[in-house]
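Peer 1: Next come the chains, spelled out residue by residue.
Number of protein chains: 2
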Amino acid sequence: MSKETKAKYSYDFPRASVTVDCVLFGLSEDKLKVLLIQRAHDPFAGKWALPGGFIEMEESLEASALRELEEETGLSKIYLEQLYTFGDCGRDPRGRTISVAYFALVQAAEHHAKGADDASAAEWFPVDKLPKLAFDHAKILDCALTRLRAKVRYQPIGFELLPRKFTLSQLQRLYELILGRELDKRNFRKKILGMSVLEELDEVEAGGARRPAKLYRFHRKQYDALVKQGFHFEI
Amino acid sequence: MSKETKAKYSYDFPRASVTVDCVLFGLSEDKLKVLLIQRAHDPFAGKWALPGGFIEMEESLEASALRELEEETGLSKIYLEQLYTFGDCGRDPRGRTISVAYFALVQAAEHHAKGADDASAAEWFPVDKLPKLAFDHAKILDCALTRLRAKVRYQPIGFELLPRKFTLSQLQRLYELILGRELDKRNFRKKILGMSVLEELDEVEAGGARRPAKLYRFHRKQYDALVKQGFHFEI
Numbered sequence: 001m002s003k004e005t006k007a008k009y010s011y012d013f014p015r016a017s018v019t020v021d022c023v024l025f026g027l028s029e030d031k032l033k034v035l036l037i038q039r040a041h042d043p044f045a046g047k048w049a050l051p052g053g054f055i056e057m058e059e060s061l062e063a064s065a066l067r068e069l070e071e072e073t074g075l076s077k078i079y080l081e082q083l084y085t086f087g088d089c090g091r092d093p094r095g096r097t098i099s100v101a102y103f104a105l106v107q108a109a110e111h112h113a114k115g116a117d118d119a120s121a122a123e124w125f126p127v128d129k130l131p132k133l134a135f136d137h138a139k140i141l142d143c144a145l146t147r148l149r150a151k152v153r154y155q156p157i158g159f160e161l162l163p164r165k166f167t168l169s170q171l172q173r174l175y176e177l178i179l180g181r182e183l184d185k186r187n188f189r190k191k192i193l194g195m196s197v198l199e200e201l202d203e204v205e206a207g208g209a210r211r212p213a214k215l216y217r218f219h220r221k222q223y224d225a226l227v228k229q230g231f232h233f234e235i
Numbered sequence: 001m002s003k004e005t006k007a008k009y010s011y012d013f014p015r016a017s018v019t020v021d022c023v024l025f026g027l028s029e030d031k032l033k034v035l036l037i038q039r040a041h042d043p044f045a046g047k048w049a050l051p052g053g054f055i056e057m058e059e060s061l062e063a064s065a066l067r068e069l070e071e072e073t074g075l076s077k078i079y080l081e082q083l084y085t086f087g088d089c090g091r092d093p094r095g096r097t098i099s100v101a102y103f104a105l106v107q108a109a110e111h112h113a114k115g116a117d118d119a120s121a122a123e124w125f126p127v128d129k130l131p132k133l134a135f136d137h138a139k140i141l142d143c144a145l146t147r148l149r150a151k152v153r154y155q156p157i158g159f160e161l162l163p164r165k166f167t168l169s170q171l172q173r174l175y176e177l178i179l180g181r182e183l184d185k186r187n188f189r190k191k192i193l194g195m196s197v198l199e200e201l202d203e204v205e206a207g208g209a210r211r212p213a214k215l216y217r218f219h220r221k222q223y224d225a226l227v228k229q230g231f232h233f234e235i
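Protein sequence lines, in the order shown, are assigned to chains A and B. Using this note's numbering, you'd call the opening residue of the first sequence number 1 and step up by one each time. Using this note's numbering, you'd call the opening residue of the second sequence number 1 and step up by one each time.
Heads up, a few of these hints could be off.
Given that identical chains are not distinguished, each listed pair holds provided it fits within a single copy or across any two copies.
[Claimed, not checked] As a list, the in silico DSS-like pairs of lysine-lysine whose alpha-carbon atoms are at most 30 Å apart: (1) K221 / K47; (2) K129 / K221; (3) K47 / K190; (4) K151 / K165; (5) K228 / K129; (6) K139 / K228; (7) K190 / K77.
Since the hints were made in silico from the structure, they are not lab data. Quantities reported herein were computed from a predicted structural model and do not represent experimental measurements.
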């Protein structure tokens, strides 16, 4: 398309702004946590929010999300999945803003967040003890939690959240934290072992437990196949 | 926020345009079809594309999608589900454009599309016999088909696509069209009846068939519950 033709299609009417926001879930201190930043600038200066910001014209949406995440929290090399796009009128006091939200699961303990750039602080918060969030970020977070809860029903989960070697109790606890309720131990073990995604190791948990628990790790090939193929985990 | 403060946040830097695009799937003449419009204007004048267009500043994303769909095809009252947001640089020759895509399942036979506004024509095309599409719409359509194929694995499907009363052969044919391959009749019937979403009627198919087939309809309450709860349909 020539420059002239292109100019013909340069719309003069008002345009919305486009932002990206990231919901990072992590597991630490026996809690499901989400990464928040404290906003350095108005609107909502001093308030907690999801890391994110305006897209640049020359980068893809995912690249924008990764850049904002790194600028504001120092975290990089995160595998982001697109969650949903939020575009209601009035969700941003600065004017019409469309936000493309992403989400990811990471090991919180390995990702020490540090506020920088437009964020005066970055911290992991337990999902059941959140501060009041800026914009419609409570709604975005809620949408991410719903997606995460749906995911455990048709995909194996945990690879990104647990340490490489873990006990069945740790895995059950992860499911309980995500679902927000306790699960029957016997039933859980039967189902999770029936999935054939776990490899039993010839090792036990370190530490002073009276009856040290066996350690497991995910059978990556089988795990990836199940992620792709899907199943129904009736819990 | 005051007008002055608001002005402070009115960004002067270049902004992307935001559009919505709709992927409507329908069933007719024993084919899975998608609704396309023929573009009346440049770029891609005369080419086929998904119905869609620029959002207005005062309407939600979904309202924009419904408006564009009605303007360009005459179809209204469609239940749209957000699919994915496409924002790669260079996907629109007019400049950076972010498109929020929606999709829906409808009965093609009941939705006679008619081109209008920015569309010189609107037509249902079989998904396996598509014309070359404008922009990255082939990619968007592909994403919608993938989502539809994934959906049949964890949700009942067909309520929006089939007539109110249908035979098991019709339902199987729908699954085959979506999955793009033949299914074993006995196995399919066993599984679909096991879902308990079907109600057997005291009626048979009209017409001259030698062995008229029984008619079924969806048990709406059970169907809705399964959509919500999910399952795994191993096919």
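Peer 1: Of the numbered hints stated earlier in the document, which are not met by this structure?
Peer 2: 1, 2, 3 and 7
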